[in-house]
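**Q** Below are the chains, spelled out letter by letter.
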Amino acid sequence: MKFAIALFSAAHAPSSRRALLFAQAALAGGHEIVRLFFYQDGVFNASDAVVTPQDEQDLPKQWRAFINEKQLDGVVCIAAALRRGVLNEEEAKRYQREAISLSAPWELSGLGQLHDAVQDADRLICFGGA
Amino acid sequence: MAKSLLIISRQSPWSGPGAREALDIVLAGGAFDLPIGLLFLDDGVLQLAAGQNARAVQQKDLSANLQALPMFGVEELFYCAESANARGLGKLSLDEAQPLAAEHITALIDRYDQVITL
Amino acid sequence: MSTLHVLSHSPYGDDRLSSCLRLLGSADAVLLSGDAVYALQPDTVPFSTLQERAIRLFVLIEDAQARAIEIPDWAKAIDYPAFVELSIHHAKVNSWL
Chain U
1 MKFAIALFSA
11 AHAPSSRRAL
21 LFAQAALAGG
31 HEIVRLFFYQ
41 DGVFNASDAV
51 VTPQDEQDLP
61 KQWRAFINEK
71 QLDGVVCIAA
81 ALRRGVLNEE
91 EAKRYQREAI
101 SLSAPWELSG
111 LGQLHDAVQD
121 ADRLICFGGA
Chain F
1 MAKSLLIISR
11 QSPWSGPGAR
21 EALDIVLAGG
31 AFDLPIGLLF
41 LDDGVLQLAA
51 GQNARAVQQK
61 DLSANLQALP
71 MFGVEELFYC
81 AESANARGLG
91 KLSLDEAQPL
101 AAEHITALID
111 RYDQVITL
Chain G
1 MSTLHVLSHS
11 PYGDDRLSSC
21 LRLLGSADAV
31 LLSGDAVYAL
41 QPDTVPFSTL
51 QERAIRLFVL
61 IEDAQARAIE
71 IPDWAKAIDY
81 PAFVELSIHH
91 AKVNSWL
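Protein chains in written order, with my numbering: chain U, 1 to 130; chain F, 1 to 118; chain G, 1 to 97.
No lab work stands behind these hints: they were computed from the structure.
None of the hints are false.
Straight-line Cα separation of at most 20 Å, SDA-like style, residue types lysine to any residue; simulated pairs:
#: 1; chain 1: U; residue 1: Lys-2; chain 2: G; residue 2: Leu-86
#: 2; chain 1: U; residue 1: Lys-70; chain 2: U; residue 2: Arg-17
#: 3; chain 1: U; residue 1: Lys-2; chain 2: G; residue 2: His-89
#: 4; chain 1: U; residue 1: Lys-2; chain 2: F; residue 2: Met-1
#: 5; chain 1: U; residue 1: Lys-2; chain 2: G; residue 2: Pro-81
#: 6; chain 1: F; residue 1: Lys-3; chain 2: G; residue 2: Ile-88
#: 7; chain 1: U; residue 1: Lys-2; chain 2: G; residue 2: Ala-91
#: 8; chain 1: U; residue 1: Lys-2; chain 2: F; residue 2: Lys-3
#: 9; chain 1: F; residue 1: Lys-3; chain 2: U; residue 2: Gln-119
#: 10; chain 1: U; residue 1: Lys-2; chain 2: G; residue 2: Met-1
#: 11; chain 1: F; residue 1: Lys-3; chain 2: G; residue 2: His-89
#: 12; chain 1: U; residue 1: Lys-2; chain 2: G; residue 2: Ser-2
#: 13; chain 1: F; residue 1: Lys-3; chain 2: F; residue 2: Ala-107
#: 14; chain 1: F; residue 1: Lys-3; chain 2: U; residue 2: Gly-110
#: 15; chain 1: F; residue 1: Lys-3; chain 2: U; residue 2: Glu-32
#: 16; chain 1: U; residue 1: Lys-2; chain 2: G; residue 2: His-90
#: 17; chain 1: U; residue 1: Lys-93; chain 2: U; residue 2: Ser-47
#: 18; chain 1: F; residue 1: Lys-3; chain 2: G; residue 2: Ala-91
#: 19; chain 1: U; residue 1: Lys-2; chain 2: G; residue 2: Tyr-80
#: 20; chain 1: U; residue 1: Lys-93; chain 2: U; residue 2: Ile-78
#: 21; chain 1: U; residue 1: Lys-2; chain 2: G; residue 2: Ile-88
#: 22; chain 1: G; residue 1: Lys-76; chain 2: G; residue 2: Ser-10
#: 23; chain 1: G; residue 1: Lys-76; chain 2: U; residue 2: Ala-25
#: 24; chain 1: F; residue 1: Lys-3; chain 2: U; residue 2: Val-34
#: 25; chain 1: F; residue 1: Lys-91; chain 2: F; residue 2: Gln-52
#: 26; chain 1: U; residue 1: Lys-2; chain 2: F; residue 2: Ser-4
#: 27; chain 1: U; residue 1: Lys-2; chain 2: F; residue 2: Ala-2
#: 28; chain 1: U; residue 1: Lys-70; chain 2: G; residue 2: Tyr-80
#: 29; chain 1: F; residue 1: Lys-3; chain 2: G; residue 2: Met-1
#: 30; chain 1: F; residue 1: Lys-3; chain 2: G; residue 2: His-90
#: 31; chain 1: F; residue 1: Lys-3; chain 2: U; residue 2: Gly-112
#: 32; chain 1: U; residue 1: Lys-2; chain 2: G; residue 2: Glu-85
#: 33; chain 1: F; residue 1: Lys-60; chain 2: U; residue 2: Arg-84
#: 34; chain 1: F; residue 1: Lys-60; chain 2: U; residue 2: Arg-83
#: 35; chain 1: F; residue 1: Lys-3; chain 2: U; residue 2: Met-1
#: 36; chain 1: F; residue 1: Lys-60; chain 2: U; residue 2: Ala-79
#: 37; chain 1: F; residue 1: Lys-3; chain 2: G; residue 2: Ser-2
#: 38; chain 1: F; residue 1: Lys-60; chain 2: U; residue 2: Leu-82
#: 39; chain 1: F; residue 1: Lys-3; chain 2: U; residue 2: Asp-120
#: 40; chain 1: U; residue 1: Lys-70; chain 2: G; residue 2: Pro-81
Work out the full structure: start from the sequences and follow the hints.
**A** So this is what it looks like as structure tokens:
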């Protein structure tokens with residue numbers, strides 16, 4: 001079974017952890033993840049600028065490790081990211097900003113990538129809110 | 001055949017970027033010629049209130065974007081009749097949107113392949 | 001065709017649960033996660049509503065354990081692998097974000 005997983009809330013929201021555990025369980029169950037798409041406040045999961053207190057679960061770090069290890073497609077909506085100050089080197093240069101807070105394996109792209117994933121997948125599972 | 005996607009928009013137009021970002025998913029789907037529907041539910045129906053003035057709070061006018069939906073190939077537009085009644089909405093700004101009772105919304109969700117509720 | 005509705009907000013002072021129950025189809029199921037598991041606090045309106053409607057109800061076990069919510073025998077506790085299977089069992093998943 002092919003899953004598209006979309007996350008709409010920040011790393012400090014409990015739904016980020018639920019999305020990660022669902023994604024891990026899907027792969028462990030022998031399923032495929034066609035894409036992870038990060039929209040709205042979900043873009044913060046991809047931010048290199050998040051510093052998690054040492055005794056708390058570091059979700060941005062875990063997402064990054066998961067995407068790298070499983071070689072997944074981690075796509076962050078570019079419009080939502082720019083609005084929230086999550087920029088890769090190219091966008092920082094384009095808008096003349098000092099702060100670069102997004103790098104590989106994360107990729108900035110448009111909402112077409114969400115639609116594309118919905119078309120490819122058997123199921124779309126969204127996480128967000130509380 | 002392309003999979004159909006229903007967006008259920010539940011936020012007021014003035015509660016942050018949520019309503020606009022839900023609409024952006026719809027517009028992107030329309031731009032790719034995908035079968036896409038939009039249902040306004042709960043506070044989302046407030047996006048359809050007539051006579052709103054975005055300039056009063058220096059914002060962009062969401063209702064102008066809503067008017068453009070049919071031009072973007074998005075013709076499946078619905079709103080929850082009960083949500084609109086509960087919020088005292090009379091005349092709506094989007095003539096194309098059809099009112100639906102709860103049982104018809106159940107059938108609508110059934111009809112689409114996937115759904116995103118924002 | 002059936003839908004798995006996923007809730008994660010507390011039902012107190014929020015209309016997601018009531019809207020979801022209004023639209024719920026006869027073949028649909030509901031999964032309570034996060035603060036939505038507070039709907040299973042005994043002697044509350046959400047608890048009795050869910051019990052009376054006799055819907056197919058699932059609860060993410062770790063979220064219930066964290067909140068000291070006991071799962072009644074008319075609901076089923078599930079873990080993440082079961083959540084994945086549940087999402088496959090239904091034609092679509094509607095998360096109330």
